[in-house]
Each structure stands twice: as structure tokens, then as C-alpha cells.
Amino acid sequence: MKYVIGIVLAVLALVGFSAMNSYNGFVSLQEGVDAEWSNVETQYQRRYDLIPNLVATVQGAADFEKETLTAVTEARASAFNAMQAVGNGTGSIADFQQSNVVLGRAMNGLLGYSERYPELQATQNFSDLQAQLEGTENRISVARKRFNEAVQGYNGKVRRFPGVFWAGMFGFDQREYFESVAESTAAPSVTFDS
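So in our numbering, spot 191 of the sequence shown is number 191, and the numbers just go up one at a time.
It is worth saying that the hints were derived from the structure and are not from the lab.
Do not take every clue at face value.
Pair by pair, the computed Cβ-Cβ distance ranges are [stated by the list, open to error]:
#1 Gly16 with Asn81: 38 to 48 Å
#2 Gly135 with Val101: 19 to 29 Å
#3 Asn108 with Gly60: 19 to 29 Å
#4 Ala94 with Phe17: 37 to 47 Å
#5 Arg159 with Thr123: 23 to 33 Å
#6 Thr70 with Arg139: 20 to 30 Å
#7 Asp49 with Asp173: 47 to 57 Å
Small disclaimer: the values here were computed from a predicted structure and weren't measured.
Even glycine gets a Cβ: it sits at the ideal position worked out from N, Cα and C.
Modelling step: build the complete structure from the supplied sequences, incorporating the hints.
What follows is the structure in C-alpha cells.
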């Protein structure tokens, strides 16, 4: 009888240790995913912060079509709100990506119109903002890649045995990848020639 009680206690201790270890592993990986999402948000925020400066530069240097500037401003606000919704758990990454596709189209329109104004192309501020925007697009790409790597590690643990058992029990669900939307596979084009 003592052996049976000892074996039962050993099995219970092993199960308890496995549960604790799995839970702590899920928490660590989930925190890693959340940290990488924060990095993605930071880079998109940088992009969103550059856009008003670009719009102001364009407005100041050329008599620009108001519709184009309004489209960029509204698309920026929509993308920012979608980013906030993902961050607080009320939105999806797919909606966030779609809002950035719309923003990319509006930015392409703005940059396309700017090519008609050589005096705008010649301003140092406009050139600097274009270079910063291009650099930001590269940073966004790196942040998205790192986010997806963190999600891959987390989802792998959630789906593998015994993690799949504990994940369901503790409420850890798979996370959504940042996947390319067909229209957003290319960054907004930034040209430097007149």
C-alpha cells in the first residue's frame, strides 16, 4: 500500500511539475510575442508620424489637390486605429494589414503627384522625409519578420504534445501570423528622380 501511495504521489508531482513548466513556458513565449508586436507597432507609429510631416511639406511647396492630402490623412488615421485595436485585443492583424494597404495606395498617390512638381522634389525636407520613409519601411519589414518568428515559437509549443493538452487547459490559443496581403507585398514606392 505504501508503494501505491508513493507511486501515486510521484505521478501527481510529475504531472504538477509538467503543468507548471508548461504554463511558465507559455507565459514566456506569449510575452515574447507581445514584445515583438510592440516592436511592430513602434515601427508603424514611426511611419504614421512621418506622414503628417510629408503632407505638410507637400502642401507648403506646391498647390496640391486637396483630395489626395485628405485621402492620406484619413488612411493614416484608419491604420493607426486598426493598430491600436490589435494592440488592445479588439482587432485582427488582417484588418490592420488591410488598413495599411489603403494607406499605401494613398501614399503612392501622394508620391506620384509629387513627381509633377520639380520644386517639391528639389526641397531638402521632402528628400529627407522620403529617405526616412524608405528606412522605416525596411524597419517594418524586420519587425514583422521577428514578430512572425516569435509567433512560430509560441504556436509550435501550443500545438506540440504535451503543450497542446496544457494550452487548452490554461487557455493559451494560437496567435495570428503577420501575413502579406496581396496588395501590400511591396512597400509604398519612394522615388528620388524628377
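*Among all the numbered hints in the text so far, which are the ones the structure does not match?*
5, 7
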